[in-house]
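There are 2 protein chains.
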Amino acid sequence: MKLHGFFRSTASWRVRIACALKGVSLDHQSYKLRRGDQRSDAYLALNPQGLVPALELDDGTVLTQSLAIIEWLEETIPEPHLLPSDPIARAKVRAFALAIAADIHPVQNLKVLFALAGHGLDEAAVNGWAATVITEGLGACEKLIADQDGPYCFGDTVGLADICLVPQIGNAKRFGVDLAAFPKLMAVDAACAQLPAFADAVPGRQADAE
Amino acid sequence: MKLHGFFRSTASWRVRIACALKGVSLDHQSYKLRRGDQRSDAYLALNPQGLVPALELDDGTVLTQSLAIIEWLEETIPEPHLLPSDPIARAKVRAFALAIAADIHPVQNLKVLFALAGHGLDEAAVNGWAATVITEGLGACEKLIADQDGPYCFGDTVGLADICLVPQIGNAKRFGVDLAAFPKLMAVDAACAQLPAFADAVPGRQADAE
Chain A
1 MKLHGFFRST ASWRVRIACA LKGVSLDHQS YKLRRGDQRS DAYLALNPQG LVPALELDDG
61 TVLTQSLAII EWLEETIPEP HLLPSDPIAR AKVRAFALAI AADIHPVQNL KVLFALAGHG
121 LDEAAVNGWA ATVITEGLGA CEKLIADQDG PYCFGDTVGL ADICLVPQIG NAKRFGVDLA
181 AFPKLMAVDA ACAQLPAFAD AVPGRQADAE
Chain B
1 MKLHGFFRST ASWRVRIACA LKGVSLDHQS YKLRRGDQRS DAYLALNPQG LVPALELDDG
61 TVLTQSLAII EWLEETIPEP HLLPSDPIAR AKVRAFALAI AADIHPVQNL KVLFALAGHG
121 LDEAAVNGWA ATVITEGLGA CEKLIADQDG PYCFGDTVGL ADICLVPQIG NAKRFGVDLA
181 AFPKLMAVDA ACAQLPAFAD AVPGRQADAE
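Heads up: the sequence lines are chains A and B, in that order.
Under the UniProt record's numbering, residues 1 to 210 are what the first sequence spells out, in order.
Under the UniProt record's numbering, residues 1 to 210 are what the second sequence spells out, in order.
Be aware that a few hints might be false.
Because identical chains share one entry, a pair is satisfied inside a single copy or across any pair of copies.
[Said to hold, decoys possible] Listed next, the in silico EDC-like pairs over lysine to aspartate or glutamate satisfying Cα-Cα at most 16 Å (straight line): (1) Lys2 to Asp59; (2) Lys143 to Asp41; (3) Lys32 to Asp149; (4) Lys22 to Glu74; (5) Lys22 to Glu79; (6) Lys111 to Glu136; (7) Lys2 to Asp27; (8) Lys2 to Glu75; (9) Lys32 to Asp208; (10) Lys22 to Asp200; (11) Lys2 to Asp58.
In case anyone wonders, no lab produced these hints; they're calculated from the structure.
Starting from the given sequences, assemble the full structure and let the hints guide the process.
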């Protein structure tokens with residue numbers, strides 16, 4: 001399988017972790033997002049959204065949207081589970097994942113930051129926008145796992161929530177967010193960093209890292 | 001079950017449709033979003049994100065995030081299916097749903113529009129932002145179903161993709177988006193409007209409609 005992505009894209013990062021946890025090895029094709037590679041005709045033919053990642057299967061089928069890709073991995077390679085078996089527990093994990101993947105990341109991604117700059121916001125205001133969105137969002141995430149005991153977001157099995165959290169923490173650091181307010185999230189981040197699937201997926205270890 | 005929501009919230013609207021399709025009757029509690037009801041202490045205790053919707057089950061369990069709620073409905077009330085059975089087909093439907101729920105809606109929702117106004121954008125610029133995000137996003141969605149024959153997004157069974165599309169078309173109309181460029185999406189919207197579950201879920205038919 002080939003992952004069309006970018007080392008720093010948090011959505012690509014999620015898929016890298018999930019594939020590693022499932023034992024799926026990936027070829028990688030890199031798209032420099034600031035240069036707009038993801039809006040080339042060739043890539044738009046793969047993914048009309050013009051966003052990374054896209055997962056190209058060996059038969060040519062192309063899957064998009066990191067959470068949809070991860071659900072597909074979960075359905076086709078059940079072990080190790082990335083979602084618990086109980087429906088309520090699954091809903092809680094998915095809600096946490098969506099609190100990041102739908103409510104933080106899309107509002108602070110490069111596309112939105114470029115658009116803000118186009119509306120006249122200076123660099124400090126644009127970066128401040130990202131930091132505010134991340135701080136508010138992680139504040140809610142900290143509360144969503146307030147009754148959990150770790151070491152991972154939802155107990156002693158790593159899964160979808162952790163896969164979304166760790167890259168978002170990475171983005172938080174890039175934007176200078178004060179992470180001291182999120183002790184549970186940071187403990188999860190530290191626990192995940194001990195796992196090879198997470199350690200190998202960090203942006204700095206990718207072939208296209210700048 | 002009680003749905004904590006708002007008549008105009010597209011995420012609440014999705015859950016209204018899904019529950020109707022599954023035959024689940026709902027009590028409703030309304031939160032005036034412009035007034036900030038969703039940030040009251042009472043509501044934050046239910047949902048730390050301070051966003052609607054939240055689905056409160058009869059035993060007091062609270063589920064959040066519309067897509068997580070709908071996946072829970074699908075897992076606990078399998079019929080009628082809102083997702084196909086084939087894993088690739090499921091991934092395509094989920095990707096379409098996320099293209100709306102993660103990449104359009106969060107970037108044009110009230111919270112972001114308020115923040116833009118706070119950064120000095122005037123009303124025309126703020127509404128233009130929303131219209132641009134929706135236009136670009138629906139353009140990609142139109143292409144994601146280019147090879148589909150209808151009447152619904154993915155064939156002759158209504159499901160998760162349609163549940164996300166119809167409220168987003170509603171938002172597009174509010175922001176004056178030119179919908180003529182999206183003939184396949186509009187045909188799906190028209191087909192869904194014939195179904196009671198969709199017709200009854202429109203904002204204008206809710207008790208809290210203004």
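Cross-check of the supplied hints:
In the homo-oligomer, the alpha carbons of lysine 2 and aspartate 59 lie at most 16 Å apart inside one protomer (11 Å), although the nearest pairing across protomers, at 45 Å, exceeds that limit. For a Cα distance limit of 16 Å, the shortest separation of lysine 143 from aspartate 41 across copies, 13 Å, qualifies, whereas the shortest one inside one copy, 43 Å, does not. Taking the closest pair of Cα atoms, lysine 32 and aspartate 149 never come within 16 Å of each other, the shortest separation being 39 Å inside a single copy and 35 Å across copies. For the homomeric pair lysine 22 and glutamate 74, the shortest alpha-carbon distance inside one copy (8 Å) is at most 16 Å, but the shortest distance between copies (25 Å) is not.
Within a single copy, lysine 22 and glutamate 79 get their C-alpha atoms as close as 7 Å, which meets the 16 Å cut-off; across copies the closest is 30 Å, which misses it. Proximity of lysine 111 to glutamate 136 under the C-alpha cut-off of 16 Å is restricted to the inter-copy arrangement: shortest distance 12 Å between copies versus 20 Å within a copy. Taking identical chains as interchangeable, the C-alpha atoms of lysine 2 and aspartate 27 lie at most 16 Å apart only when both belong to the same chain, with a minimum of 4 Å there against 47 Å between chains. Taking the closest pair of Cα atoms, lysine 2 and glutamate 75 never come within 16 Å of each other, the shortest separation being 19 Å inside a single copy and 31 Å across copies.
Within a single copy, lysine 32 and aspartate 208 get their C-alpha atoms as close as 9 Å, which meets the 16 Å cut-off; across copies the closest is 47 Å, which misses it. Only within a single protomer do lysine 22 and aspartate 200 lie at most 16 Å apart by alpha-carbon distance; the minimum there is 14 Å, versus 42 Å between protomers. Taking CA atoms no more than 16 Å apart as the test, lysine 2 paired with aspartate 58 passes inside one copy only; the shortest distance there is 8 Å, against 45 Å between copies.
Hints 3, 8 from the list above are not met by this structure, while the remaining hints are.
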